[in-house]
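Chains as they are written, first to last, in the working numbering: chain A, 1 to 211; chain B, 1 to 211; chain C, 1 to 234; chain D, 1 to 234.
Honestly, the hints are just simulated from the structure, not real lab data. All C-beta atoms, glycine included, are put in the ideal place defined by N, C-alpha and C. Careful, some of the hints might be misleading.
[Claimed, not checked] With a Cα cut of at most 20 Å, we get these calculated DMTMM-like pairs of lysine to aspartate or glutamate:
{"id": "1", "chain 1": "A", "residue 1": "Lys203", "chain 2": "A", "residue 2": "Asp144"}
{"id": "2", "chain 1": "A", "residue 1": "Lys124", "chain 2": "C", "residue 2": "Asp59"}
{"id": "3", "chain 1": "B", "residue 1": "Lys121", "chain 2": "D", "residue 2": "Glu84"}
{"id": "4", "chain 1": "C", "residue 1": "Lys159", "chain 2": "A", "residue 2": "Asp65"}
[As the list claims (entries may be wrong)] Examples of chain A residues lying across from chain D (beta carbon under 7 Å, computed):
{"id": "5", "residue": "Asp15"}
{"id": "6", "residue": "Ser17"}
{"id": "7", "residue": "Leu51"}
{"id": "8", "residue": "Gly54"}
{"id": "9", "residue": "Arg79"}
{"id": "10", "residue": "Gly90"}
{"id": "11", "residue": "Gly94"}
{"id": "12", "residue": "Asp98"}
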Amino acid sequence: MAWTRDEMASLAAQDLSDGFYVNLGIGIPTLVANYIPADVDVTLQSENGILGLGPFPLDNEVDADLINAGKQTITELDRTSYTSSADSFGMIRGGHIDLSILGAMEVSETGDLANWMVPGKMVKGPGGAMDLVAGVRRITVLMDHVDKAGVAKFRKACTLPFTGRNVVDKIITNFAIFERPDRESPFQLKKIAPGMDAEGIRKMTEAHYTE
Amino acid sequence: MAWTRDEMASLAAQDLSDGFYVNLGIGIPTLVANYIPADVDVTLQSENGILGLGPFPLDNEVDADLINAGKQTITELDRTSYTSSADSFGMIRGGHIDLSILGAMEVSETGDLANWMVPGKMVKGPGGAMDLVAGVRRITVLMDHVDKAGVAKFRKACTLPFTGRNVVDKIITNFAIFERPDRESPFQLKKIAPGMDAEGIRKMTEAHYTE
Amino acid sequence: MQKICDSAEEALAGKTFDGMMVASGGFGLCGIPETLIEALVASGTKNITAISNNAGVDDFGLGRLLRTRQISKMISSYVGENKEFERQYLAKELEIEFCPQGTLAERMRAGGAGIPGFYTKTGVGTLIAEGKETKTFNGEEYLLETGLVADLAIVKAWKGDPYGNLVYRKSARNFNPMAAACGKFTVAEVEEIVGPGELEPDHIHTPGIFVQRLVLATRNEKRIEQRTVRTGAV
Amino acid sequence: MQKICDSAEEALAGKTFDGMMVASGGFGLCGIPETLIEALVASGTKNITAISNNAGVDDFGLGRLLRTRQISKMISSYVGENKEFERQYLAKELEIEFCPQGTLAERMRAGGAGIPGFYTKTGVGTLIAEGKETKTFNGEEYLLETGLVADLAIVKAWKGDPYGNLVYRKSARNFNPMAAACGKFTVAEVEEIVGPGELEPDHIHTPGIFVQRLVLATRNEKRIEQRTVRTGAV
């Protein structure tokens, strides 16, 4: 039985260490905030200039001047600081963020990531994704194991335009977790969703990985 | 009769236009602040992170956290803002400062400036002078016409290491004022100190200039 | 020196021309100069190259200038929320230069700070790198990106004083400080004009040197794109 | 996550090593980390390359580390106020890399922001340009300068909170924000430690992400180099 989106987020949250600064992408990665272990102090960054993201506001707390990178209304905490976008990306590009958790369309077996455009479709732009994968120390991807047509998203090579080359450290799909110790190493299958087996995973994965 | 240091500063102050942002170098240029016309609103910048320099403090106002680039204690005004050194030099390098008035050891007839080192002597470093001459829109130099040995300081070419090449727009010495309309043009003699004449100026000047 | 103008029209007077490059602050619809965008619509200025992280929505933000076809090119990181943009882009009526968000912020900062080019790892090996020079530092490849300088910058701040000093509020700061700095001429609209000395010198985000004209904002709709709330039970 | 340390020695513990590069905030003797400099003296760390705009005076500021011969190289813009510096430099016991002040500030900012190189007009055609690459943008020549990243950064702030958020006071800000950002490990000394939430989020100059350890400053002498006053008559 495949992991749910919340289970995937919960699995991703297990990598959060005390004192980490973390940027969560739009979509499933946002759910990770709900699963931060109680004994772990994590500061969330939003690239539009917020260090120390709070939860969504109560209805009467909504403030149009306080949104996250997904343009959702949020709140501040007692640790929050605001910066300009240039200074915010200084944190990102300068390697000060410990971990970013992002969605993906495809990941290659060498850690290339594609998540910003599909040729022939309207291109909306890279946003901050290219900056995040280039600058953040560690990148975890959350994505479905296969696309709607059943095609593997963890592939030998990306078919879609790159967001970054050799930038992914860990992949959590709804079927399995792959990880590598460094960016010279191949990915290794680390965990399998309940009811699935290694053989099944291999069949649904185009990428080469170790077991 | 040669102009005094205060008269030189007063002459330099006549170029200040309403709304100008100005950086004054250490030494005689600092005196220019005393001669800003009453009907002209000028904001002084200090490259250590102050926009809107106030006068020296009263004895009981001295604040060690508030010094100018010459390390002198100063005060703030109702317009003052503080920035980091990087942002302060952003103003300078980015061409946002209208005028800088600086001292010099030598100026060449093509506007090269030397004011930071004498080979063989202890070198103290360029400080912010190279940034100022490279970035500020207009540079006025205040200097003695000749050095202690009687040698012309406005020369065909600088003999000392450059602070910047082709960066000076106006020279006010204790004997005369030279100016040029743009940095492709030669300097022109614009004014002579009382009791001096054009022939005398020519004899004490190595640089070529027009009259 | 009088920076405060009576109206947004007066604040832009003499400073717009066809074919100009305009930088605008704001992220999504947060911290956008609503009043000045409307004045730019009214000015009828055509063929604008707009530097802005986003393109607004159909009837709000820079979308207002797209609808009137006053913008011919956008330099942006993300333009996903605007159907009119999509239509013009697909019809090739509009040119777009995509720029990763951090690179865009840094290009604007660089332009304002007199830096014509800088190197970044962002975009190496991607479509963004096409046609750009690369250079290796410490064994890693970096892209050369250029500074951006705009003919006019329009920004939105929370408070401003008569000297043009600005203070932003929360995440409405975003691209505004860089937009202000990268304009050859910068006009700020503020929610409140305060008196001289009322802004604490240590708290000023954009020093007055970057602001040539200032106007009280008459439009502060501050539309929210994704109103997201939690229930009180949490 | 516990950033506050009981002493400067504890704040530097395990983070110093011979041959390391240390960035220090401060301009002249204003805004220098007096307490941490003393702790660095006590640490006995040798062969330090110090990134600092100035070199202190003989018995104060970085002069303390020069006197003990713990610094072997300085990257600075101006070192005029220090006789011991002059003696060591003329005796070739000390290496100096002169960097124009604005270039130094930008190199530190660039290092902190992941920018390995940038172009500037500052220093073109001077001794500072020797051995450096140049590039032409819009017909003008610019120098390539590189970002600086330090093994350790020591900074002085006015107030700090348990998350490492810092606020500076007046011109004591100067190089401190860039020093904080360019350190692989940054230690801040503050005149006052305030509680969580006491610093207004819009007023924080250095966000806590740049500060790994924080200590209450025990030395706040703040020596003045040029005490200059006017008479009350003005």
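Against the structure, the hints:
no.: 1; hint: A/Lys203 / A/Asp144; result: holds, 15 Å
no.: 2; hint: A/Lys124 / C/Asp59; result: holds, 18 Å
no.: 3; hint: B/Lys121 / D/Glu84; result: holds, 16 Å
no.: 4; hint: C/Lys159 / A/Asp65; result: holds, 14 Å
no.: 5; hint: Asp15; result: violated, 16 Å
no.: 6; hint: Ser17; result: violated, 10 Å
no.: 7; hint: Leu51; result: holds, 5 Å
no.: 8; hint: Gly54; result: violated, 11 Å
no.: 9; hint: Arg79; result: holds, 4 Å
no.: 10; hint: Gly90; result: holds, 4 Å
no.: 11; hint: Gly94; result: holds, 4 Å
no.: 12; hint: Asp98; result: violated, 9 Å
In this structure, the earlier hints numbered 5, 6, 8 and 12 are contradicted, and the remaining ones agree with it.
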